[in-house]
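Peer 1: Here's the letter readout for the chains.
There are 2 protein chains.
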Amino acid sequence: MADPFVVVGGDAAGLSAASKFARERPDGDVIVYEKGRWISYAHCGTPYYVKGEVEHVTDLLSLTPADVADRGIDLRREREVVAVDTDERTVTVVHNGEQSVQPYSDLLVATGARAVSDPVDGHSLDGVFTLHGIDSACAIRAALADPGTEPVDTDVDAVDRETVERYTAWDPPETVAVVGGGYVGVEMAEAFRAHGVETHVFQRSGHLLPPFGDAAGERVADHMREQGVTLHLDCAVEELAGGERVETVVHEDGRLAVDLVLVGIGIRPNTELLSGTPVEIGDSGAVATDEHGRTSVDGVYAAGDCAEDRHAVTGEPAWVPLGLTANRAGRAIGQTVAGDPSPVGDIAGTAVVKAFDMECGRVGIIDHERAEADGFDPVSETITAGSRSGYYPGGDETTVTLTADRESGRLLGGAITGRDRAAIRIDTLATAIERDTTVPQLERLDLAYAPPFSPVWDPVLVAAKVLNGHLE
Amino acid sequence: MADPFVVVGGDAAGLSAASKFARERPDGDVIVYEKGRWISYAHCGTPYYVKGEVEHVTDLLSLTPADVADRGIDLRREREVVAVDTDERTVTVVHNGEQSVQPYSDLLVATGARAVSDPVDGHSLDGVFTLHGIDSACAIRAALADPGTEPVDTDVDAVDRETVERYTAWDPPETVAVVGGGYVGVEMAEAFRAHGVETHVFQRSGHLLPPFGDAAGERVADHMREQGVTLHLDCAVEELAGGERVETVVHEDGRLAVDLVLVGIGIRPNTELLSGTPVEIGDSGAVATDEHGRTSVDGVYAAGDCAEDRHAVTGEPAWVPLGLTANRAGRAIGQTVAGDPSPVGDIAGTAVVKAFDMECGRVGIIDHERAEADGFDPVSETITAGSRSGYYPGGDETTVTLTADRESGRLLGGAITGRDRAAIRIDTLATAIERDTTVPQLERLDLAYAPPFSPVWDPVLVAAKVLNGHLE
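Here the protein sequences come in this chain order: H and R. If you're matching positions, the first sequence starts at 1 in my numbering and goes up one per residue. If you're matching positions, the second sequence starts at 1 in my numbering and goes up one per residue.
Hints are supplied without guarantee of correctness; some may be wrong.
Identical copies go unnamed one by one, so any copy, or any two together, can satisfy a pair.
Said to hold, decoys possible - Once the Cα atoms are required to be at most 20 Å apart in a straight line, the calculated SDA-like pairs of lysine to any residue come out as:
id: 1; residue 1: LYS465; residue 2: GLU291
id: 2; residue 1: LYS465; residue 2: ARG23
id: 3; residue 1: LYS35; residue 2: GLU247
id: 4; residue 1: LYS35; residue 2: THR271
id: 5; residue 1: LYS465; residue 2: PRO343
Read the hints as simulated data drawn from the structure, not as lab findings.
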């Protein structure tokens, strides 16, 4: 019998691959190793679970272990793959302290990424959290609950009861500091405010959500202040101080007494498993892959938050760890391993985020330094236009930033911000970018118009028109 | 001195052209003839004025005559252009019964279209309205008002006071029939229901909003019934009967006593001005134009609801009279006439409509008969998927229909329907269609994902994935 298709990691990429493989090759064997207890959960939903908008942690699970078994997948949880031998085509698995060796025909490394907190001094004090995975979401939600209340979701098998009970016993925080004003920081600030907690966000640079560009960052900042969040922009956190538990944020402008700290300063790909193997790691630190998700070593694939993909604008490798990318690449690799080579698809860096009632979308390359590094001559324009016909109630100002290459006129990137259906409009720009559209072509797209949804000249068209004026 | 640029029609296309020309050529002369009193008003906003959501008729005006004058445009209202001599390059203008002749250097025919009601027997009875233009919107809103109340907006100069006062004196209707279940019918049903009127919609075919496809029509029908509208589908109206005033709708299934009827069965391009000239009329009945909006006669342009444009899918002429097309073509022609040839842009047939809380968008060619007539081998798929992550509150089912050409895999058209940000998503498909995208390419687009806005697999991607299965 042939060796099985072995997948390391039981989340989006890993289980998408295993599911597709099992569907295409019902006779084939696929084993998924997951070092933890949780599988197939919605990372992006965890802030809303902490907020309370998503009631139960189980709501975040896409698949149960039983669902996975029904698909014909041999799922093995709490088994950590600690080594890969690409010559022998084996992995070494640890379970309850015991090692075993598993041969593979093909191997998918879908080990994800982890939240970074070590650059922040004092990050290991109690009461300092990152948001990464279900356990941390449960712990933070427990810390926000009243001590008298039933600990959240401890009836769910995989929940770490001890931790949840411990944090439920804490008094709810009165003041919280969020270190980092990216996606996680912004979403978690909303979550904390929903619990009535005094919330401070520290951002080292001058703008929130740097990948969305300055105009988006400014609108989000204004809106978050309206929602009662205190922003410390251009303000680096020097240290988190306290006894066992965090008590103070020491920052460049002073000190803030806090009861809880959330560090959201970024994530790092989990590639340690491959150190010592010939599998090539890209400049980003994530695993280098080709258009089919193959690594530099025959029979070894990588997908999801640990892997690079090809960027639609530059054609070069890029590391943009997001949910669709993981699901899509996993599915394609499952199909490829099953015998039907299928491209994983380029990424355009499309991302959307909600900050209270403000919506933001971004795609491609907006930043000029980045664009120049990729050999473009960038020119940008930011406009603000109504989201609906001026006379129609309920609209909001929509802010659009476009970046293009001056010589070719090609659209490189864009961002859209506003309260009225702004985020989803980014898909228009994502499609334009992936389909190699110039700004003059963008300006002449036949986009939708009806008073409740868009003015005659959609904000995207207005931005294209103005930017086009700088190109001619 | 050179003869002026003469524009016939003072609405979207005409005034966009005149404005652009005046901006580019401050030394040039441009005259706009408008046969009526209203200029530059938002057609698409009139149902919301009738509904009362837009309070004042003046809210619908984009430009006042004073604004137009400030732009350096010689606007002449209540002057009808009754003849064109393309050899002599003159137009004949009637004002207060007096004729005069005006030479032109270039001529733009932007005469718009008019609502059709003559196929309906009894259409000239009092109380039978079409919705086309501000006067009819004022009349209908007046008819919905209580007799004791102040007639609406009679303080506005251009309002036809006599008509408004006359209809205000009527008792508000208890029962209204809407003949036609297209855009206007659907939007006006919403307007009538907002006034608490019993509302019946008659649609000759089996589905509302035929250009949006059956799936959209069915969802809209279900939703309108929930909103208290009585639908008569597959039911032709035979006659409107009454004395002076309409009293009865005689339809193939019986008779309905009514107080008011709105006929919304379509519009027809106003091209009579060009009969007897060599200017070519297209198969659609609208004026044939090239990529710069030029007609078959040198120096004569046409734009807006009276003109054809080139369809992005077929590359053939098509008549799709909508707001953006008019504005965009007008602007391009203004620039061309000013000396800088500028293409008017293709149309993709992009349209969006709101039916109470249901949103629909459509683009391209959805219908198989139409696609076959254009030489395609059409294949379609309709799917329904969540608008947001399943665990995130506030989402709705989003229905997506895609039509593609079987051989090339090219996306030909699509429709999107749902209550949660569904309509504006059509711009993704509009962009894909204008940029010649195949279904496999569509399936791999990097579209946005975040729980409040979209599931991991956007409904558009789900539809592409399923349709792709039929292509392979």
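Peer 1: If a hint holds in the structure, say so; if it doesn't, say that too.
Peer 2: Hint check results:
1. LYS465 to GLU291: between (35 Å within a copy, 19 Å between copies)
2. LYS465 to ARG23: So LYS465 and ARG23 pass the 20 Å test across copies only (15 Å; inside, 48 Å).
3. LYS35 to GLU247: neither (33 Å within a copy, 76 Å between copies)
4. LYS35 to THR271: within (14 Å within a copy, 73 Å between copies)
5. LYS465 to PRO343: between (35 Å within a copy, 14 Å between copies)
Hint 3 alone, counting from the list given before, is not met by this structure.
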